[in-house]
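Counting along the sequence shown from 1, when you hit position 352 you're at 352 in this note's numbering, and nothing is skipped either side.
Since the hints were made in silico from the structure, they are not lab data. Do not take every clue at face value.
In silico lysine to aspartate or glutamate, EDC-like type, Cα no more than 16 Å apart, as pairs [claimed, not checked]:
| id | residue 1 | residue 2 |
| --- | --- | --- |
| 1 | 441 | 420 |
| 2 | 432 | 188 |
| 3 | 432 | 420 |
| 4 | 429 | 126 |
| 5 | 433 | 420 |
| 6 | 297 | 372 |
| 7 | 390 | 126 |
| 8 | 299 | 349 |
| 9 | 144 | 167 |
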Amino acid sequence: MTVESGPRNSDELARYGPNLPEAAIRVQAEAVAADLRAQRDQWRKGFTRRRVLAGAGAVGVASLANQVVTTRVAFGAPSTTNRTLVVVFLRGGMDGLSVVVPRGDRNYLNARGGIAVQPGALLAGDDRFGLHPGLAPLVPFWEKGMMAAVHAVASPDASRSHFQAQDCLERGAASTSVHTGFLDRVLEQLGPGTTFRAVAEGSALPRSLVGGQSKLVLQGIRDFDLRAGSGMREKTLTALKALYTGVGDHPLGGQAAETLKSISTARKIAQADYQGSAQWPGGGFSDQLKDVARLIKAKVGLRVAAVDIGGWDMHTNIGGPDGGDMRNRLNELAGALGAFATDLGSALDNTSIVTMSEFGRRVEANGNSGTDHGHGGLMLLLGGGLNGGKVHGRWPGLSAGALDQGDLAGANDYRDVMTELLGARMGVKDWKKIFPGYEAKKIGVFR
Numbered sequence: 001m002t003v004e005s006g007p008r009n010s011d012e013l014a015r016y017g018p019n020l021p022e023a024a025i026r027v028q029a030e031a032v033a034a035d036l037r038a039q040r041d042q043w044r045k046g047f048t049r050r051r052v053l054a055g056a057g058a059v060g061v062a063s064l065a066n067q068v069v070t071t072r073v074a075f076g077a078p079s080t081t082n083r084t085l086v087v088v089f090l091r092g093g094m095d096g097l098s099v100v101v102p103r104g105d106r107n108y109l110n111a112r113g114g115i116a117v118q119p120g121a122l123l124a125g126d127d128r129f130g131l132h133p134g135l136a137p138l139v140p141f142w143e144k145g146m147m148a149a150v151h152a153v154a155s156p157d158a159s160r161s162h163f164q165a166q167d168c169l170e171r172g173a174a175s176t177s178v179h180t181g182f183l184d185r186v187l188e189q190l191g192p193g194t195t196f197r198a199v200a201e202g203s204a205l206p207r208s209l210v211g212g213q214s215k216l217v218l219q220g221i222r223d224f225d226l227r228a229g230s231g232m233r234e235k236t237l238t239a240l241k242a243l244y245t246g247v248g249d250h251p252l253g254g255q256a257a258e259t260l261k262s263i264s265t266a267r268k269i270a271q272a273d274y275q276g277s278a279q280w281p282g283g284g285f286s287d288q289l290k291d292v293a294r295l296i297k298a299k300v301g302l303r304v305a306a307v308d309i310g311g312w313d314m315h316t317n318i319g320g321p322d323g324g325d326m327r328n329r330l331n332e333l334a335g336a337l338g339a340f341a342t343d344l345g346s347a348l349d350n351t352s353i354v355t356m357s358e359f360g361r362r363v364e365a366n367g368n369s370g371t372d373h374g375h376g377g378l379m380l381l382l383g384g385g386l387n388g389g390k391v392h393g394r395w396p397g398l399s400a401g402a403l404d405q406g407d408l409a410g411a412n413d414y415r416d417v418m419t420e421l422l423g424a425r426m427g428v429k430d431w432k433k434i435f436p437g438y439e440a441k442k443i444g445v446f447r
């Protein structure tokens with residue numbers, strides 16, 4: 001009999017251990033180990049609590065559905081902060097030159113032609129740059145000093161390939177010998193916390209969170225629950241609690257207990273009459289940020305959250321300030337971020353939101369009213385502790401001699417932004433454990 005086939009009844013299950021709970025744990029541990037060997041490049045020693053609970057199926061109980069918890073027992077110093085970092089990945093390569101525009105720059109205006117955002121259409125900004133009109137919901141935060149930007153920012157990767165650039169950015173290193181994601185290493189430095197200390201909103205674990213630290217992959221708070229038949233939910237929970245009672249210091253027993261606790265917490269949050277203080281625009285990205293806001297306001301110990309929004313690979317139809325793909329994307333992005341910041345209220349002071357994208361776009365427009373893959377891009381920052389209301393970093397300019405193969409040069413390394421944020425806001429001082437081999441430089445984004 002193999003682990004893959006599984007025990008068919010309690011008598012067969014009993015052969016795996018001195019009692020049924022221990023036997024179920026051993027069976028599932030072996031199954032998880034086999035699964036991890038096949039997927040180690042993705043999970044890097046993580047495993048799912050869903051699979052742990054599914055192992056109890058041999059004795060007739062249910063499993064979590066459509067939610068993943070990757071876990072490894074965490075030991076070390078207590079958490080270094082009560083603040084929250086929210087990383088929003090703009091997948092596809094956002095055109096930073098269309099979002100935070102060099103105000104009246106003749107090189108920009110000539111290169112972009114009909115898709116250039118003219119000076120008269122720009123909002124806020126500073127003496128060098130202005131914001132695309134699609135960022136209007138964020139202008140109040142810019143003016144209050146709670147929003148800033150870093151331009152001409154890049155990772156060590158210069159391939160202009162989506163896959164390679166995203167992989168490098170999310171690993172936080174040019175060397176492929178670094179396998180874990182940089183946010184997983186941040187979690188290690190932050191120390192242990194609650195089950196909700198790290199959350200990825202979506203259907204899959206982002207590359208930045210791959211590694212041994214515990215985290216949730218959450219497809220909505222309302223869906224994080226135990227899947228059981230009609231009227232069987234409470235009985236199933238009782239059975240699961242009984243199953244994992246008395247297993248001592250066995251790590252899987254502790255992890256199962258934490259999963260049950262997280263189910264209870266999520267259910268309370270989902271069932272609570274949520275009184276938000278913002279008008280949320282709705283839609284996938286907005287709903288995900290609303291979940292993050294609810295977790296922050298519920299004070300469940302959320303320290304790191306990762307959210308994705310795609311659709312930034314605009315080879316065609318970027319459009320102008322009043323319409324087109326860029327305006328549509330920015331409406332969704334800024335509308336949700338503005339609602340998020342408003343809804344948090346005073347909690348925004350203890351929250352840092354940062355956007356990143358794998359690369360920027362070429363300076364010159366292509367023949368399809370769009371732009372092709374480039375290099376230097378843009379990061380937006382929102383929250384407490386900022387030197388806000390300005391664009392930071394070295395600006396190389398857009399003259400022909402300043403370009404990198406026709407692209408905005410990557411004059412600022414995104415790791416400088418992140419190390420400054422992590423040190424100033426999250427209490428992480430040893431950046432070399434986050435970005436191995438990198439010598440960070442201060443940009444001055446945070447006070």
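Now for the hints, and whether the structure bears them out:
| no. | hint | in the structure |
| --- | --- | --- |
| 1 | 441 x 420 | holds (8 Å) |
| 2 | 432 x 188 | holds (13 Å) |
| 3 | 432 x 420 | holds (12 Å) |
| 4 | 429 x 126 | violated (30 Å) |
| 5 | 433 x 420 | holds (14 Å) |
| 6 | 297 x 372 | violated (40 Å) |
| 7 | 390 x 126 | holds (6 Å) |
| 8 | 299 x 349 | holds (14 Å) |
| 9 | 144 x 167 | violated (35 Å) |
Violation of the numbered hints given earlier is confined to hints 4, 6, 9; the remaining hints are satisfied by the structure.
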